[in-house]
Structure formats: structure tokens, C-alpha cells
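Produce the complete structure using the sequences and hints provided.
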Amino acid sequence: MFYIQKIQLCISVVLLLNAVFILYRWSDTLNMFPYANEVLSPDTPAVKAIDLKYCGGPCRFLLPVTIIEQESKAQMHFRQIAFMAGLVNRTVVLPNVENARLGACLQHPFDFYYSTKWVDKNRQHFRAITMETFILWLEERRAHNKNTQHRDTSIERARAPNTHLMGRPHCLHSLMGSHQHPDRRLIMHETGRATLRIDYQEQIREFLLRENENIEVLSLSYDRRYPFIHDSHANVHIPYSEHTIQLADTLASDLGDYWAVHWRTETLRPATNLVPCAHTLATLLSSQSSFLLLTDYPHTFSEAAIQSAIRTNTTDPTEMYSASATFKLNSLTPYHHQAMAYLYSQIPVKVTSLQYATEKLTGTPPPQWTILSVSDADSRNDTGLLGILDKLLAMRATVFFAGTPNVCGRSSSFTTRIIDARKHAILKGAHISNTVRYFGLAP
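For the sequence shown, my numbering gives the first residue as 1, with consecutive numbering after it.
Careful, some of the hints might be misleading.
Ranges of calculated distance between the beta carbons of each label pair, as one might list FRET restraints [said to hold, decoys possible]:
1) Ile426 <-> His230: 21 to 31 Å
2) Thr370 <-> Leu209: 48 to 58 Å
3) Ser232 <-> Tyr356: 25 to 35 Å
4) His173 <-> Asp120: 22 to 32 Å
5) Glu242 <-> Pro367: 16 to 26 Å
6) Arg225 <-> Ala430: 39 to 49 Å
7) His237 <-> Arg311: 25 to 35 Å
Straight line, CA to CA, 30 Å or less: simulated DSSO-like cross-link-like pairs of lysine-lysine [said to hold, decoys possible]:
8) Lys146 <-> Lys53
9) Lys360 <-> Lys428
10) Lys328 <-> Lys117
11) Lys350 <-> Lys423
12) Lys350 <-> Lys360
13) Lys423 <-> Lys117
14) Lys360 <-> Lys328
These are computed hints drawn from the structure, not numbers from a lab.
Quantities reported herein were computed from a predicted structural model and do not represent experimental measurements.
Beta carbons are placed, not taken as given, at the ideal position from N, Cα and C, and that holds for glycine.
Rendered as C-alpha cells:
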């Protein structure tokens with residue numbers, strides 16, 4: 001009898017430890033699964049008809065609310081999310097876009113940046129719905145007093161909790177109604193070694209499936225750095241919108257035979273390298289009459305503003321406008337200004353800019369600093385669209401340069417995307433001379 005009691009006690013301890021492990025791993029912020037065994041009231045015929053109209057049956061959505069990082073990496077993360085939606089039998093909602101970000105509560109529709117042909121091409125892997133259509137689904141159900149079973153989730157790196165990812169209502173909560181299930185987090189170790197991420201796909205799949213069969217909308221906030229989907233189709237870049245490609249083709253035609261340089265200067269250490277790097281670049285480009293600069297340094301500024309910044313180490317925000325969402329004007333050093341001033345003193349430089357930023361400029365740009373203004377109608381004043389346009393122009397350039405990482409520039413997914421596209425173009429017979437040439441300090 002005593003032996004049986006010991007066995008029962010051991011079983012109880014194992015079950016208790018397992019429950020504690022699940023609680024830690026899934027990390028519900030409220031009580032564990034209070035609706036897990038809830039018997040849901042049957043849908044009315046009208047509500048069933050709405051689901052049939054939008055989903056062909058009961059709807060189950062995965063809604064990307066927030067995707068950390070900017071466009072080049074954010075679209076990689078979204079590809080992971082879309083393919084995972086297919087693995088858990090949910091329809092992914094195409095996120096909105098704005099200023100190089102992807103997420104549910106942004107200003108522009110998905111097809112402002114991307115071609116929806118990508119969705120059609122991958123229908124065997126996942127189902128997708130536009131944000132506009134998803135909102136119509138929510139509104140029609142609300143009109144029939146139907147609350148949506150929904151849960152906020154996040155998939156995060158193992159570090160200090162990113163409290164801004166969840167914990168406050170997002171822009172669509174009011175349309176979903178009051179029937180919200182407890183938030184849930186999946187916190188995972190981050191590693192650049194693919195062999196150590198081999199089981200991440202199954203872990204994430206299990207997280208999204210567990211106790212969620214009655215959840216109609218899983219809202220997802222995502223903060224990871226590396227891919228986890230095994231299917232190689234998820235590695236294929238989402239093509240940019242037909243409108244933006246046409247705009248890039250027009251600008252490239254106007255530029256003629258041009259070279260392009262991506263010079264990322266953000267947090268380059270030591271910053272004293274910038275001026276000698278500018279000397280090297282000016283020498284490399286001295287024979288080229290048409291040169292397009294892609295840089296996180298401001299694209300619009302007056303001659304007086306840059307000379308004042310060199311003297312005072314103070315950047316006037318009314319005379320110089322940031323070209324990067326992450327590289328702020330107060331992070332610029334005198335070396336940044338000296339490097340750009342030297343560059344345009346030696347060779348003619350062309351940069352793109354949004355129309356509104358060009359029109360706000362009150363002073364006169366330097367004589368050899370030509371601003372190619374992109375109209376408000378084409379850009380919608382969106383810095384992300386300008387970054388995509390720069391990327392497409394660099395893909396089309398006859399010759400492409402980039403700063404040597406940790407010497408004259410920074411490693412960047414932006415640069416990698418350009419290099420990959422140029423490799424592919426050369427294989428298809430495009431008339432371009434190289435994939436990339438790096439510039440560094442003079443020997």
C-alpha cells in the first residue's frame with residue numbers, strides 16, 4: 001500500500017512540474033486557459049453565412065499586428081509567419097505597411113509595397129486575405145452582434161521582456177468585441193546557427209495550435225531575427241509592387257548608364273574612418289558621370305546647413321532631413337558631414353528624395369548634389385517606399401559598390417537583397433558588370 005502511495009505521489013509531482021513548465025513556456029499573462037473547455041454558443045445562420053462567404057467555412061485567422069525590424073528583414077519575418085499560418089491551418093492576414101514597417105495598424109495596404117502575385121504563387125502553402133477584407137469580415141459579424149474569439153500572442157527572443165509588444169489594445173480590438181482570451185508569449189533563444197534552430201518550426205507550430213482550436217483570430221506580435229521555416233519556398237523574396245517597379249524602370253532609364261553606391265554609415269566605428277572612406281570612393285568614381293548614392297545620411301540639406309554642422313557639431317532639423325527611420329540627426333558626427341562634403345566637392349552626386357522633404361528645404365543644396373524628387377502621388381510621403389525604390393535602382397545599376405563592413409560601412413540586409421538580385425540578373429543575361437565591389441580605406 002505504501003509503495004502504491006509513493007508511485008501516486010511521484011506521478012503527481014511529475015504532473016505538477018509539467019504544468020509549471022507549460023506555464024513558463026507559454027506564459028499566459030492571466031489565468032491558464034479559462035476558455036479552453038468552454039462550450040461556445042452555436043453561430044446563427046447569418047454568422048455562418050458570413051464565414052462561408054469569406055472563408056468557405058469557419059474562419060481561423062493569423063493576424064500579424066507587429067513585426068519588429070524594417071522592410072528587408074520584416075518581409076523575411078512575414079514570409080515565416082505566412083508559411084506557419086499554412087502549417088496551423090489558418091488564413092494569414094496581409095499586414096499593412098508604412099515607413100519601412102509591416103503591421104496591422106499601419107497606413108497603407110500590403111500591395112503598396114508588394115505584388116500580390118506572391119500570394120497566388122504560394123496558394124499551395126498558405127491562404128491569405130487582405131487587411132481590408134478581414135476588417136469587412138469583422139464588421140459584418142459585429143453587425144450581427146457576434147463577438148470574435150481572439151487572443152493576443154507574441155513570439156519573442158529570449159531577453160528582457162519586450163513589454164510594448166503586448167499588453168495594450170491594438171487598433172482592431174474594438175471590432176473583435178469583448179471575448180478576448182488571455183495573452184500568451186513564446187520566448188525562445190535566438191541563434192544564428194541554423195542547426196540549432198531545427199526544431200523551432202515545430203515548437204512554434206505547437207505554440208499556435210495549443211488550446212487555440214476555438215480562437216478565431218490569433219493576433220501575433222513578432223520579434224525574432226532568423227528564419228525557422230524548413231520549406232525553401234519561404235526563402236524567396238516577395239516581389240515589389242508593379243507600380244514601384246515601373247517607377248524604378250522610368251528613373252533608371254532617365255539616369256542612363258549609371259553606377260550606384262550603398263553607403264550605410266549608421267553607428268560605424270570608428271567614425272573617423274568616414275572621411276578617408278570618402279576619399280577612396282571619390283577616387284573610384286572619378287571617371288563616372290552618373291552616380292546614385294543610397295545612404296542613411298540625410299538626402300536633403302542646404303550648403304549652409306552642412307557647413308554649419310561641421311563647425312558646430314549641431315544639425316539643424318529645419319535645414320537637414322533624416323533619410324532613415326533609425327538613424328536620427330542627433331547621431332550624426334562632424335565626420336559624417338565632412339565625408340559627404342568631400343564627396344560632393346569631388347564628384348557629382350545624385351540622391352532620391354520625397355517631394356515633401358525637397359519642398360521643405362529653404363536653403364540651396366550644394367552645386368554637385370542633385371536631388372531626384374519622387375512625387376507625393378507616387379510615394380504617398382512614405383520613406384519605406386523611397387527605400388524600396390533606391391533598392392530597385394541599385395539592382396539596375398551598371399556597377400554597384402558598398403562600404404566594406406566594419407571599415408567603411410555596416411553589414412546590411414538591404415545590401416544583401418541588392419546583391420542577391422544582381423546575381424540573379426546576371427544569370428539571366430542582364431547587362432550589368434558586377435554583383436558588388438566593396439570600398440575601404442586606401443592602402
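(request) Could you tell me which of the numbered hints above are not met by this structure, giving the numbers in increasing order? (result) Result: hints 3, 5, 6, 7, 9, 10 break, sorted rising.
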